Amino acid sequence: MTRTAVVTGANQGLGFALTRGLAARLAPEDVVLLTGRDAGRVADAAARVAADPATRARVEGRVLDVSDAGAVGRFAEGLGEADIVVSNAIGPLHPDRPQAEQADVFLDVANGGTHAVLRSFGPILRPGGRLLVVASSLGTLDHLPEALRPRFDGVTLDEVEKAVEDWRSALHDGTAEAQGWPEWINIPSKVAQVAAVRAVAAERRERDLAEGTLVVSVCPGLVDTRASRPWFSDFSQAQTPDEAARAVLDLLFAGLDPATYGELVRFGRVLPWK
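For the sequence shown, the working numbering begins at 1 and goes up steadily by one.
No lab work stands behind these hints: they were computed from the structure. Keep in mind that this is a model prediction, so the values were computed, not measured. Just to be clear, a hint being listed does not mean it is correct.
[Claimed, not checked] Computed beta-carbon distance windows for the label pairs:
{"id": "1", "residue 1": "Asp142", "residue 2": "Ala202", "range": "17 to 25 Å"}
{"id": "2", "residue 1": "Glu29", "residue 2": "Glu177", "range": "50 to 58 Å"}
{"id": "3", "residue 1": "Asp257", "residue 2": "Glu81", "range": "20 to 28 Å"}
All residues carry an ideal CB built from backbone N, CA and C; glycine is no exception.
Generate coordinates for the entire structure from the input sequences, incorporating the hints supplied.
Right, dumping it as structure tokens:
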């Protein structure tokens, strides 16, 4: 049976490395769809993966803007079924600009994209499939003040989306700090990503475990990429994208461990939510 893998935000950095790893580990009859927003970059990245001597599977570039939930839905509907889905896209965030000014684009991609992938690809995931959201260790609940934690703990995906939109509104009307939201918008964003995975996994858990299907979020650790460079001064311990991709790929191809289902995993180990 032909297997289909989809990676979002895949024309550079970790997404590109994950695409290369999937193309090397899957079989010649399988297909890996490398997606991104820019048609030229997507075509170039897909051609580079296809030309890699380690590549075994067929690689195709597809334009997909994950901030457009309708486009994500149409993309998934066109596929009909998928075996591996990796939600990796992230919006730009720069330290030299006020974060409230960058919030819309960042949240539309990181959080809106996560929600759209979960909603659209979850229903078409084949039994035994893998749906993985790249997040961060910043996504554990303890990174939020206690008063905000109930917005993300034990809630539905609809409620996660509402919390994100309420936070967005607070950023725009200047009340976010008074409400206790962390100044660095990456923190609530990552908590919301992990909470979204947990919400979907809670609804699917019994059936997925019976069928060997995994829904999970992962922290790849510090990775030396264009997106992370502006935020850290010391990259001596950082991984290259290829190095960071290995643990994520190992999780995708490993047998299902129920202990990891719906959790945030870093280097094969579950990070406590609370």
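Evaluation of the provided hints:
{"no.": "1", "hint": "Asp142 x Ala202: 17 to 25 Å", "result": "holds, 20 Å"}
{"no.": "2", "hint": "Glu29 x Glu177: 50 to 58 Å", "result": "holds, 54 Å"}
{"no.": "3", "hint": "Asp257 x Glu81: 20 to 28 Å", "result": "holds, 24 Å"}
When each numbered hint is compared with the structure, no violation occurs for any of them.
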